[in-house]
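When you get a sec, could you build the whole thing from the sequences and use the hints?
The primary structure of each chain is shown beneath.
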Amino acid sequence: MNDANVYAVKTLTKKEYFAPGHRSCLGCGEALAVRLVHKALGRNVITASATGCMEIVSSPFPLTSWEIPWIHVAFENAAAVAGGIEAALKVLQRKGKISDKKVSVVAMAGDGGTVDIGLQALSGAMERGHKFLYVCYDNEAYMNTGVQRSSATPFGAHTTTSPAGTVVPGQVTWKKNMPEIAVAHKIPYVATATPSYPLDLVNKIKKGIAADGPAYVHILSVCPTGWGIASEETIKFGRLAVQTGFFPLYEVENGKYKITVDFEELMPLEQYLLPQRRFRHLAEDTLGYIRGRVAEQWEELQKRSAE
Amino acid sequence: MSGKSLKEKKEEKVYPRPVSGEKRVYMSGNEVVAWAALACGAEFLCGYPITPQNEIMHFWSRLAPRYGRKFLQTEDELSAGFAALGGIMAGARCFSATAGPGTVLFQEPLAMAEMMRLPLVLVVQQRGGPSTATVVYSQQEVFLTSFGGNGEGLRVVYAPGSHQEMYDYTIKAFTTAWQYRFPTLVLGDGYQAQMKEALTIYDPPARGLEAAPAFPLVGAAGLPGVDREPAHWRNTFSVEEELFDALQPLIIDYYSAVPFLTEKETGFLEGAALVVVAHGIVGRAARAAVGELREKGFPVGFFRPLTLRPFPDEDLRKITAAGPRLLVVESAWGQLNKLVRMALGGTGAGRAEIYTYLRPGLGITAAEIVQEAENIFRGYAEQEAGEGNNV
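Read top to bottom, the protein sequences are chains A and B. Just so you know, the working numbering puts 43 at position 43 of the first sequence, and the rest follows in order with no gaps. Just so you know, the working numbering puts 1288 at position 288 of the second sequence, and the rest follows in order with no gaps.
Hints are not guaranteed to be accurate.
To be verified - Footprint (simulated), chain B over chain A, 3 or more residues, beta carbon under 8 Å: (1) 69-83; (2) 140-153; (3) 157-164.
In case anyone wonders, no lab produced these hints; they're calculated from the structure. If you're wondering where the values come from, they're calculated on a predicted model, not measured in any experiment. Glycine included, each C-beta is placed from N, C-alpha and C at the ideal position.
See the structure below:
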């Protein structure tokens, strides 16, 4: 599976829709994900972006990395803007004012712009049933403003607003399960992905944009700056997150669960967690708790995908 | 948090006072705010990440556990504001900090706090509008902090100009808020937030600065209406006549406090033909420029409102009554200028000629102000009815 992934990705288009020269950090997993997502989406797409790393690095005034129509409005409203675009395209096409060429509508946001401040707009757009794809690039904290915790930050992680010390052991809440929240809206397609498994990611984006209604893809985007790992280890840590069951790759098509990258046996969690600076303080009891919850989550997922 | 109240928890352990005696320190503005809030007994910060105020939360979340204080990061500024209001109603001394688009979202909690007389303290570090990427500096949130929201602007807005003032006025914001029970804001900016400067920090009670005690507004003993008067913490009125009636005592309270609230700094007013008006960090450039101009022999004075709301109207009117022209200098397109015009409007002094030097989002140096003032004097000398660049 892994090897197939590496070779098959060469079949992707050579055209770049997210042009190089942007200002992301070395080894940015999110920039990689954005690039792959837009290779999968192709030319006929309009993307609405929330505030966040990708907006900052890709559009420093007056430059842009975007070779597709791309709009940034504010922090909390990517889904609302995409919903508006989708509705407007629909009405203009119905009235024959624009050609009826199929134009995909995509909303993109980071974890803060999705699971925290943008959740209301996202929930509303999913409930109204706009035919759009929402892509959450999850780097597990507010990296753009200086690594503050979000509700997507994993338990125990050190951030600037959940500092690990003698009183508080880092983040004290479990990561919000956003894909499950999307599933609860009964939308046709929900998936998790990471650029460390590029073909899997590209397939999911293609499925998502083809779905008849709202689709949600949650992409784990490794952040060397915020996580405290070497910038050349982005892909490795993305793989480890999947291989240890910390971030399982699965999709939910019309309510049907399927683990897309499955393992007979998961790798020990320590191999993923402890080399990261944000987790280096973890004591055995915290580790044990995380291990338990991750195993539980994996079992639950296997049970559901067997149904 | 467990079932125990903050107060009970505190009694279990005695925490050291954050600041003892007087200490000379070298800090960034955000760090100053965190220390000031700790020193004056703030118990609880509800916040949300937004540049350039992030370090207030960073320092607070590191320092708070040492002094038995709490930190809550919410999912946006609306929640941060309302969580702080909830905390205040429960009897904790809560505050928050924000900037730019966060200040916009804060208008709803602020308007609510005004009508409910909740002493919300909010530190705002201004950045360029409207939204993202412009995170460095501006003075564009003057109107937003003074009059934003769907209410009457019954708030106090302090505009400190140095780190020492940032410390003093953050502490003062807590005493003012708890004394007058109106939302109180400290209006800094990105430059003040991020730059480092020397200042003296002190223990506020040692200087007689202690905020009135916080007490729970809800959950009082007894059955409302039977054992006691209902607290009636509500903002819902069936008809606008009720709103009108409810608002009257608030307006009377606010405007009768105005003479005690307004603060300003003045200098070189004697014989001034031109008075430079500026606030916040620009006030420092203005002060330096006026000193320099006086040395060169120009009759220039200096006026800096320390409270933007309520604005020191009376003081400014007294100054303009003597007949000088004004030069309003700010990093916005005329927000302070509007406050100045509102202060002068309708009186004879309102006809004072006002020049402006407006640079939205840009820092302003003393040299620029000197240049501008010299141009005004030159133009005046050349042309009796010098028209300047009036807005």
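Hints, one by one, checked against the model:
no. : hint    : result
1   : 69-83   : holds (count 5)
2   : 140-153 : holds (count 6)
3   : 157-164 : holds (count 4)
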